[in-house]
Structure formats: structure tokens, C-alpha cells
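Colleague: Sequence:
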Amino acid sequence: MNYEHIKEYTKIYEEHQKLLEDLSKSLKDFKDHQKELEKLEKYYYSEDFIKDHDASNKGEIPDDINQGILTEDAIYDLLGDNYYMARELLDLSNYIIQDKDE
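Using numbering that gives the first Met the number 0, you'd call the opening residue of the sequence shown number 0 and step up by one each time.
By construction, these hints were calculated from the structure, which means they are not laboratory data. There is no bait here: all hints are sound.
No farther apart than 25 angstroms at their CA atoms in a straight line, the calculated lysine-lysine pairs in the DSS-like style are these:
hint, residue 1, residue 2
1, K41, K30
2, K17, K30
3, K27, K38
4, K27, K17
5, K6, K17
6, K34, K50
7, K57, K41
8, K10, K24
9, K10, K99
10, K50, K38
11, K24, K34
12, K24, K38
13, K27, K41
14, K99, K17
Cβ-Cβ distance ranges computed for the label pairs, FRET-style:
hint, residue 1, residue 2, range
15, L39, E3, 47 to 55 angstroms
16, S55, L22, 36 to 44 angstroms
17, E20, G67, 26 to 34 angstroms
18, R86, H4, 33 to 41 angstroms
19, E40, T9, 38 to 46 angstroms
20, D90, K57, 41 to 49 angstroms
21, D21, D80, 16 to 24 angstroms
22, R86, E3, 37 to 45 angstroms
23, A73, L22, 22 to 30 angstroms
24, E35, I5, 40 to 48 angstroms
25, E7, D47, 50 to 58 angstroms
For every residue, glycine included, the Cβ atom is placed at its ideal position computed from N, Cα and C.
Full structure from sequences and hints, please.
Modeller: So, in C-alpha cells, the structure goes:
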């Protein structure tokens, strides 16, 4: 009897187990960091951001301070990426829990 298929299934099992471990850690970090992102979002929609953005455009902020977040699209794009990642996670969750026998 040929049992080579057991090697294939063992490989699938081990790979998926590793992926789950990695994803679990990444997902925890991602979840834990959402409060920090909310602080950034609040800043982005505040008067402080507008003032800082204007000061950056006028060259008033020292060059040794990274001003990358003061561009018009940096934070906006990050918030969008976060939203679309959440949608992707929802889609994946739905796929995993759906009844696949039908």
C-alpha cells in the first residue's frame, strides 16, 4: 500500500500550524495597536494636525523631526489600509466558518 499521501498531509498540517502560530501573534499585535491608531486618527482630524501641517509646509519644524505623517495622504492611506485589512479579515473569517459541503 502506498502511504506517500501521509507525507503530503503532514506537510500541510505542519505548514498550517506554523501559519496559525505566526498569525496569532501578528493578530494580537494588530489588535493591541488599534487604540494607538485611534489616537493617530483623532490627531489627523484635529486642529493640531492642521497647525502642524501648515508649520511643516512653512519650514518651521526642525529638520531632525520626521514629518512624514504630515503629508496629506500618509495617515489617510494608513487608515484606509487598516479598514481594508479588517474587511479582508472578515471575508477570510466568513470563508473559514462557512459550510463547505454544499
